Every structure is written in C-alpha cells, then in structure tokens.
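Trainee: One line per chain: the protein sequences are R and D, in this order. Note that my numbering has the first sequence beginning at 1, numbered continuously upward. Note that my numbering has the second sequence beginning at 281, numbered continuously upward.
These are calculated hints, taken from the structure and not from any lab test. Note that the coordinates shown come from a computational prediction; the quantities given were computed from them, not determined experimentally.
Calculated cross-link-like contacts (lysine to aspartate or glutamate; reagent style EDC-like; alpha-carbon spacing at most 20 Å):
| # | chain 1 | residue 1 | chain 2 | residue 2 |
| --- | --- | --- | --- | --- |
| 1 | D | Lys712 | D | Glu673 |
| 2 | D | Lys289 | D | Asp1012 |
| 3 | R | Lys260 | D | Glu1063 |
| 4 | R | Lys260 | D | Asp937 |
| 5 | D | Lys735 | D | Glu1063 |
| 6 | D | Lys947 | D | Glu964 |
| 7 | D | Lys669 | D | Glu721 |
| 8 | D | Lys862 | D | Asp851 |
| 9 | R | Lys260 | D | Glu1066 |
| 10 | R | Lys2 | D | Asp399 |
| 11 | D | Lys836 | D | Glu906 |
| 12 | D | Lys550 | D | Glu514 |
| 13 | R | Lys2 | D | Asp343 |
| 14 | D | Lys764 | D | Glu913 |
| 15 | D | Lys519 | D | Asp489 |
| 16 | D | Lys284 | D | Glu795 |
| 17 | D | Lys623 | D | Glu595 |
| 18 | D | Lys766 | D | Asp916 |
| 19 | D | Lys836 | D | Asp856 |
| 20 | D | Lys947 | D | Glu935 |
| 21 | R | Lys260 | D | Asp939 |
| 22 | R | Lys2 | D | Asp307 |
| 23 | D | Lys836 | D | Asp869 |
| 24 | D | Lys284 | D | Glu798 |
| 25 | D | Lys735 | D | Asp939 |
| 26 | R | Lys260 | D | Glu942 |
| 27 | R | Lys260 | R | Asp226 |
| 28 | R | Lys2 | D | Asp561 |
| 29 | R | Lys2 | D | Asp308 |
| 30 | D | Lys289 | D | Asp1014 |
Single-letter residue listing:
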Amino acid sequence: MKPAPFAYLRPATLEEALAALAGQQGAKVLAGGQSLVPLLSMRLAAPSTLVDINALPDLSHVAVSDDGVRIGALARHAEVLASREAAERQPLLAMALSHVAHATIRNRGTTVGSLVHADAAAEMPMVLRLLEGSVDVASVRGRRTIPAAELFAGPLESTLAQDEIAVEACFPALAPGAGVAFQEIARRHGDYALVGVAAHVETDGGEVTRARVGFVSVSDVPVVVDVTDSLDDPASAALAELEPADDIHATAAYRAHLVKVLTPRVLADAVHHARDRKKS
Amino acid sequence: MTTKLFGAKVPRVEDQRFLRGQGRYVDDLLTDDPRLLHAAVLRSPHAHARIVDIDVSDVLDLDGVVAVWTWDDLTGPMAEPLPLLIPHPTLTHGRTQYALARDEVNYVGEAIAFVVAVDRYVAEDAVARIRVDYEHLEPVVGIDAARAARRTVHDDVPDNVGARMEQENGDARAAIAAAPHTLTLDLDIERSACTPMEGRGTVARWDPDTSRLTVWSSTQTSTGVRGCVAAKLELDLAKVDVITPDVGGGFGVKVVHPWPEELLVPLAAKTLGRPVKYTEDRREHFISSAHERAQQHHVEVGFDDDGRVLGLDVEFWHDHGAYTPYGLIVPIITSTQLLGPYKPQNYRVAFESLYTNTVIVTPYRGAGRPQGCFVMERTMDAIAAYLGKDRTEVRSTNFIQPDEFPYEHGLVFQDGRELTYDSGDYPASLAKLKELVGWDEFEEFRAEMAAQGRKVGIGLACYVEGTGVGPYEGAHVHIETSGKVKVATGLTTQGQGHQTAFAQIVADTLGVRFEDVEITTGDTRKMPYAVGTFASRAAVMSGSAIHLAALRAKEKALRIAAEALEASEDDLEIADGVVSVKGTDASIDLGTVAVLSNPLRYAFDEASKAATQFSVGDPGKPPVAEDDEPGLEGKDFYSPPRSTFANGMHAVIVETDPDTAEITILKYAVVHDCGHLINPMIVEGQIHGGVAQGVGGALYERMAYDESGQLLNASFMDFLMPYVTEVPTSIDIDHLETPSPLNPLGIKGAGEAGVIPSAAVFAAAIEDAEGFPITAMPISPSELFELRLAHADEPHPTSPSLGS
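Using the sequences plus the hints, can you model the full thing?
Mentor: In structure tokens:
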C-alpha cells in the first residue's frame, strides 16, 4: 500500500500553484488529503504530480458576514465546526459537520476539499447544494464562481477543470424565518451515512412557504428535492427523484425506508428550528 | 513482608511502554541498517485460475529491485507445498498451498511472486510490472456453492469435501424419535477475521561468518516458525534463532505458520546476504491471511415437557477456504464445545469441512466455539419458546450439576483427549448472571419502555471453553547474583500482559520483589522447547511451568541458604528476596545465595569474592557435588493430562428502533469462571476486549465476497470493526472461581472468553425484542428491517421467549 511514483510540488503562492496545475495534465491538488492519500496508497489514483497547496497563504479563513460564511480552501472541517459565528449565521454547517467522519479526520480534512471531491455519500456537498451556495475557483485563465447546482457532474466528479483550484466556498446565511435540520443513520459513528437527510424550510407567520430536502447516499450526486407542494408526503415525493441502491451495508429497500422515516422527521425539526429562531 | 500478588489487580507493567509508543514491533527492527531490503508480494487478482505464464522480465530493469522469486525459482523443500500442521485421520483430502503458487491460484490474494527491493515503494512498483497470463476457472464461493459442488476448488477433491467427521454419544436419532417434543433449526454464521492492529511481518538476517539465521516474526509460535524455517531452508535447527518481539495482537491468525513470507524472507536474506523485511499491509491482511466463523448448521432436537434434551443431532458444513494448513481444529472445536454446560442424554454431530475459493479459515479467538455456542443457545431458546418456559429454567434443567464433575461427554476433543470437564458450578453462575443483569425484573422494564413506544429485548448465552491445551510449556528461572530473577518461557506474547501476570506468580512462589522479575517470551535462544500462545493456554501452561520452575529454584536456594545459615531448611522463609531463619535475625540475600551456588576461581566484584576457591566449600569434596549444577536456577515443564474447562454466561439487553431497525446495547453483563484469577484486572481486560470483538462479530463485521470471489470490503472503511462508540460503555462483570484440579495453580484460560457467546446472546436479545426467530448472524439494521418485512403478517407476541 505505497503510492506509485509522483512528483511533489509545494508552491508558496496561488499563482505558482495554478501555473503548476496548468502545466501538468496529470497533476492533482493535495489539501487535507483525507480522500486522496488513501486513493494514492491503494494505487487507485496515480497522478503524475501532487500540487500541495498547504503552504499557500490566506486560504484558511472561516469568514462570517451578513451574507453568509465564506470558507477558504485550507480551512479544516474542525475549524469550521468550531466557529460559533459560522454556526449562528448558518446553523446547518455545524449540524452537518458533526457527522463528518471523526475528529482526527476533521482536524486535517478541508471542507472545500470535500466539496470538490463531490462524493454523494459525503455531507457537505449536499449541504452546499441545499443552501444554494457556491464555490469560487481559480486557474491561470482567471476566476469564476460555480453555483452548487452546477458543481456536481457525476459520482466523485465535479465540474472543475483539471487546471482549476477551488479557493473558497460560500454558504449563504440562514434567512429570518427559515429553519434547517440534519439527521443521518450510519453503521458506525462517523461512517459515511446509509442515508443522511437535511431540510431547509422558509416560513411566514408560522406557515411553511418553501421546503426543500437534501439527501446523502441515495443517489450518484447530491440531490435536493423541493417538497413545498408535497408536505403531506414529502418522502414519496423525494423518493421519486432518488435512486437508492444496494450495497454491502444496506439494501435499496432499507435505504428507501430510511428516507421515509427521516424525511418527515427532519422537516419537522427544521420547522421547529424556524419557530425557535423566531422566539429567540 | 511480601504481600501475596497472585489474585491482586496489579497494573500491567508493559502498558507504560506500549502507551508511550515505545513498543518494538517487527516493522521497527533494523530500520537503521542501510543494508536492509524490503519485500512485496504479487497476489492473485482471481479467485480461481490456472497460471499459464509469469513474465518477470520488466522487473529487474527497475532501479532498486534486487531480486524476484516465482515458484520456478524455488528448490528442495521450498518447492513443496507448505506443511499441513495438524493432520487428522478424517482429513482425507487435506491440501496446502505452495509458498508461491505453482500452477493454480485458489483465492484472491494467493502469493504468486516475491520481489525484494531497496524499499517497499520500489518493491510495489516492481510487483505492478509482473505480467501473469491466467486461464480463468469458475470459482466456488460460499457454503451453498461448495455443497452444491457443481464445480470443485481442487481437481482431485471430489465434491469439495476435505473431511467428513462424525461423533456420537448414545443414540441421538433414536432418542429424538422417541421424544415427546421435537424441533428443527437451520442456523447460519458468516465469516469474520482476527484483524489485529499489527498485521503479519517477518525480518531475517543471515550471518555468513557463523552461517546463522536470525528471524524475527510477528507470530504466536516462535518455536513453530523455527522448526519450519529450518526444515524448509534445510538448515540445522541449531543454526536458526526465532525471536518474537512485541506483537500487536494475534487473536489466532498468527498461530498459523509458516506463512509464505515467513519462509521467503529468510530465504531471501540467506540468498542475498542482506537483511530482508516484509510487513503486511491492511489489504493484504484481509485477502491473504486467514478468516473464520462461516458455518451452516442443521439441528434436530428431542426434549421432554421440562425442556430436558433427550437427543441432539447436529449436522454442519464448515467453510475452510482454499486450503487446510491448520487441519480440522475449528470444526472439531465447534462439534465438541457446542455442548456448553449441558448434558444432552444422546448427542450425534457430523460435519463436512468444505473447500471454497476464498481465504483460508483457521482459528480466530473463540475458534469454532462462537458457532457452537450460537447453535446450542438458539436451540435452548427455541425449546423455551416452544414450551412457553423461562429461558433460564430450560437451561437449568439441562445443566451439568456441580457434583457431576469430572463430567465425561464420551467425545474426543481438539487435543485428541477425552472431552472431560474438570470443574464448574453452572447453577451458581446462572444465579449470579440473573442478579447482575436483572433478569427477573426485565418484564417490568419492558413494559416501561413499551409505554414510551420503545422496544427492548433480553438474551443470555452460556458457554464452556476448553482452555490450556497441551502438549506442554516450559520455563527457566534464573536468580542472578544481584538478586534479580530472569525467567524465560517459550510461548509468545501478543499483548496479554505476561510480564505482569507471570511475574506475579514468580514473586509469590520465590518470595522476591515483583519489580525484580523479568520475563522473556518467544525467544528460541532462551527457551527452545515451547508450543505457542493460542487456545487460552498461556496462563495455564506457562503459568504452571513457571510456578514449577520457580519451586525448583526455591528448593535449591533453601538448600544453599540452610548450609550458609547453619539452619534447617524447614526453618527458613523467603520474602522480598531475603532468606531468613524464622523468628531470628539470621538472614542471607538471595543474590548472595546465587553467588554461593556458583563456585568461582575468579572474583569479578566484591560480592563474588565470597564464592572463590579460598573462601568457600569443603576442600575435601568437589566444589560442585555430583548430583548438583552450578548456578541458582530452576527449570521445569508442565504437561497436563487434558484441557481444563472454563465457563461463562453473558446477558445483554438491547433496544431495537421500531422505525430505523438500529440495534442499541443498553446493558451487557458477564459472569465468568476461569478458576483462580492471577490478575483480575487482566482477566477483565480480556473480557472487555472479547466482548468488543464479539459485538463486532454479531452486529458489524462480515467478509463480503461477491460471486466471483472478490472480497468487496477489504479495508477498515467497509469492514466494520466497531469503534469505541459502538461497544457497550460499561460491561458488568462478576467472577466465580471454581479451581481446576488439573494444575498446581487451579487456573483456567481466559483469553477467548469474552467473544464466545456474542452471536448467541445478541440473537437471543434481538429475537426477544422482535418476536420472530433470529437464525443467522451477524445481523445489520438493514437485515433486521428485511426480517420485519418478512414477518410483518405474523401475530406479534409481546413477550416471545420469556413465556409464562
């Protein structure tokens, strides 16, 4: 379990990093390494060059503003989770991050890295999608912003070009009158969820005006379903758009069942959350 | 005055080292030797294939590669199949693999080529360059496929049957036919594995000046490895030393030997004249070490109105994987230990041990007992459910009673000896367990929880474990002139706390300070006669041998001290390393006694002057008497007539989520009887670890093979070894101490206890919570959900198994 040979670069500036990526067709970005390094060790990935961005300046921020939370490419999950301001501005961040693997992995793994790894079994890509956030990417060709709805191309595949680095993610603030909730069922504490569900509701005078639910591990890409018009049976509405599958840990039927159990629960939690926020 | 340490909760002295990262494991050795080479192995990607051609021509071009071996390069005994370690007359079709596959591979992971390079990276690069031309064969995966035998693993093994064995006491089938009630059960257990923290590993160094080979291996038997290495490399035994450094867990897998790498590393070291290291990685451990557990059972039982078993007839099918290096030990243990603490009047058991194109099956902590316990306890629960009786009542009815020991089952055990239980008090154990878990109050608790919409269940399981199997272990005790005591025993240590427990025995037996005792294990230079650490045997075997050897040393110390103190031996006592005449001030240090035991010509320090030729001894006699030896030493061996039988009972209360089918452990209770406890803290640690491993086996772990024989979960991401968050936060333990009459210390083994009843006890509790039978383990929430669907139309009793 040793990686195949690769060149290793540790640039000191973003420009150098982007230049290195642009010049190397087989180059890969190394940030927290929590997914990439095991893939290297098992020789499931064999990039020609690793561009280690850990020495780049000014990318470790968890910046909270009225608009939301901006997370730099080198901010670790643990740092985002520890930010009280971030949790206040967008409570779903902390709710979901506490389910991301284990403390030791969160200490090293980056939130932005998790987003562009684009794993439909991971929490944060779905959260970004549910919150309608975005990712800013840079390349030698310039910068652009990719909305979450356009970020996920397929299983473990984002729409970033090979020469692009995701430098920042933006999770919008939770609007007044809105509420969020998250629940997941995993085989072991910290494992990838068998099913994870997050909900985002908007309310007006106690009435739900918009309700959306995001799902983990029941589709190839992070899926968000608008259930505003099917609040009497949101799970069935969701299942129509999901593709739960069998694997060695659970049957498709069990996953579908968990969607049915969790969806109404999480929606109810989100409505409670909206009400509780109003009170406080 | 020295306090008695036997039975005291002495903190493990080795933990300081281990917890501070100062352990020295195989992979830590020779790391600063610039000549050290590293090995990697090409393993079969196919479960069943003929090897048409192996092309290694690209390998040696790679910078840093030193050598590559395939079967064609092996000669003499190395080119022969690996040994079949434990032959048995019924193992009519035993097969073992070659160190490197000859012309066929029979499981994904089987070793094909061995590359030695300057580091492991280069060695793996080289492995990737070897091209093998395979002719694919259909694989046999799983017990159903093996039994169906539409194709065979080995061309010359008809129907995939390696062995068929049957034992009977009485006439089970006649007794069942005549019984008032009968039941039939079909039960399943899936594969799991030891998965120790440290995988396998071997380092070897050849000394050309002395033609001597030193091998360090992460093994449970250094003497076993030594014998195999000497035989396979055609070396004199005296030229081979095998040393076992710290071992990061074994749990059975490391008692298998020699692994291919355990021979290839010494071969490479000798051939190349440079030290060579092989360290198994985690994926290799999953696909090329050993698994266990998979069995299917068919049970027929006849019983009377009280639930007394009149006849029990068990047939089972054991998946032993692609080869049988460890013989039939696992299924023989299942077939005999299935009986637990019970005495069915008539018992017949027959099994077939079957080949499949999967990793070999050899003992994993519990070694066949968890399956047997699962089968017997499921049967007891089924009888109770059928008769509407309390499950503990049915068990009590079938218990062997305390006045019936020694109890002969009329069967032959795994050591070839009669299956005869030495001691135990099962009714007392059950009474303790009921108290500990709150058995009689459970219905109240169930009602309380039901009122909250919660579903709970309780289960119990009893087992008997044959421990301390022979043939023997030995010990050498040497009291140095400093008064320090050096003890060597040949079996190995893989985390059990032998330094602590064995030093407790020595301190008490000799009357020396615990701190002055140093234990060496698993070093063939210090003790070449030994068997190994497995089958919960170390305390019984080496503990007894160490005690006997210490007694011999003590005897000699008293004889010499009596002469020096001009007193009678009967008037002497030893405490804290000082021999004194009881009730007087006259005393002599044991260190000084050691000086006197060794007549000297040369004084090397102040103390040794006392033993020189002008200071000591009767000039009219030889300095060392005819029947004596110099030095203050004792050596002895312990070889028991048969195994000693420990026992225990576990109970668990689980909650099953009505919506998500998640299974939560609310309470776990253990009553354990391993005779006299040397160190209760170590025994409880063994139980904690065993229960944790048992939780894994019952609720999380399995080997997910697909139909082509690929192991789909060969990593800790998908093989769900429980985290600390999945095991019970507390385990309530109570001990009973029924001493064994078979050894001088009255002890029984404890190493495997915690894991044996897990599948049985969780199945019982989940069945109790859900109200439908649980017949296959392990069980996941997804499977529980599917079972609920399957049983959805049935009436749902609130108290399925406890009955009226």
